[in-house]
Amino acid sequence: MFEAQIKITLKKTVADPQGLTVKHALESLGFGGIGMVRMGKFITLKLEAKDQAKAEAEAKAACEKLLANPIIEDFELEVKNI
Amino acid sequence: MKFGVVVFPGSNCDMDCFHVVQKVIKQPVEYIWHKSTKLEHFDCIIIPGGFSYGDYLRTGAIARFSPIMDAVIKFADNGGLVIGICNGFQILLEAGLLPGAMLRNQNLHFICKFVELKVEATDTPFSSGYKKGQIVRIPIAHNEGNYYIDEKGLAELKKNDQIVFRYVNNPNGALDDIAGIVNKERNVLGMMPHPERCSEKELTSTDGLPIWESIVKWLSRKSTKR
Chain A
1 MFEAQIKITL
11 KKTVADPQGL
21 TVKHALESLG
31 FGGIGMVRMG
41 KFITLKLEAK
51 DQAKAEAEAK
61 AACEKLLANP
71 IIEDFELEVK
81 NI
Chain B
1 MKFGVVVFPG
11 SNCDMDCFHV
21 VQKVIKQPVE
31 YIWHKSTKLE
41 HFDCIIIPGG
51 FSYGDYLRTG
61 AIARFSPIMD
71 AVIKFADNGG
81 LVIGICNGFQ
91 ILLEAGLLPG
101 AMLRNQNLHF
111 ICKFVELKVE
121 ATDTPFSSGY
131 KKGQIVRIPI
141 AHNEGNYYID
151 EKGLAELKKN
161 DQIVFRYVNN
171 PNGALDDIAG
181 IVNKERNVLG
191 MMPHPERCSE
201 KELTSTDGLP
211 IWESIVKWLS
221 RKSTKR
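Residue numbers (our numbering), protein chains in the order written: chain A, 1 to 82; chain B, 1 to 226.
One should not assume that every hint holds.
To be verified - Result set (DSS-like, lysine-lysine): computed pairs, CA atoms no more than 27 Å apart in a straight line:
hint, chain 1, residue 1, chain 2, residue 2
1, A, 12, B, 158
2, A, 11, B, 23
3, A, 12, B, 152
Claimed, not checked - Pair ranges (Cβ atoms, derived):
hint, chain 1, residue 1, chain 2, residue 2, range
4, B, 137, A, 3, 22 to 32 Å
5, B, 156, A, 41, 21 to 31 Å
6, A, 81, B, 113, 27 to 37 Å
7, A, 28, B, 113, 22 to 32 Å
8, B, 9, A, 7, 36 to 46 Å
9, B, 33, A, 39, 50 to 60 Å
10, B, 224, A, 36, 55 to 65 Å
11, B, 116, A, 57, 24 to 34 Å
12, B, 70, A, 78, 46 to 56 Å
13, A, 64, B, 217, 21 to 31 Å
14, B, 217, A, 26, 49 to 59 Å
15, A, 64, B, 70, 14 to 24 Å
FYI, nobody ran anything at the bench for these hints, they're computed from the structure.
These numbers come from a predicted model, not from an experiment.
Every residue gets a Cβ at the ideal spot worked out from N, C-alpha and C, and that includes glycine.
Here chain A stands alone, though its shape is the one from the complex:
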């Protein structure tokens, strides 16, 4: 059994109003030196596969087909054998 941990973020070229609002909230609470804040999604999924390479390929395909929208989002993927 494998576990995939998937991070989905808006592309750097896409404005993130949610991140900006959180940045402002932090600043108004007195947190100094806050740089850019970006929000995203975190997905974990468990999957059966023959080996690590197959599990990675499967999780990557899932990201490309459904989990992330390549027009506006990037994803990062980590697959562990559990």
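Dock chain B against chain A, hints included.
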């Protein structure tokens, strides 16, 4: 001439669209459950607004893989008319029938109000009943209407005159004030504002009516040509 209104779990403007087609423009119309896979006897498909699959993951992302969508893509590829309104527009973007994607509204609020739109293109089956440059009043109701496309894509949209409606006062951050676009072939329209909510005088605006009338006119001409 037959209209079909696709119903996904979570659609909530399906009855409004059905009502306008049946009672206002008085044309035959049927609901199509999203598990259906056949669209042969339809002339125009309406993808209504709502919250298909609870807007989970991304708006329209899951509905886009409902069985009916393969049929809608085939129908559009064969020149059939498809109009996606609000969540319907989001589904058409996710399905790749229209270019670009939707982001959350810039102010992070769900916005529900009448807005003014400028009609930018009238040479489409959906907008021939308007005058170019006409300002119309049509309501919006969405949380993700902040249209995004990369620079190259925007240049394409402009070059091919695919932008049909622009907001007069941009409410949501949409790139280039875009409220509605057609595909290159001009038989698929996506728009965030809701014409089905302003097609009868009881609803304080009938500015949405020309869309339905344009479709009827276009389809009648087509059937005479046959």
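Which constraints among the numbered hints does this structure fail? Numbers only, ascending.
2, 4, 6, 8, 9, 11, 12, 13
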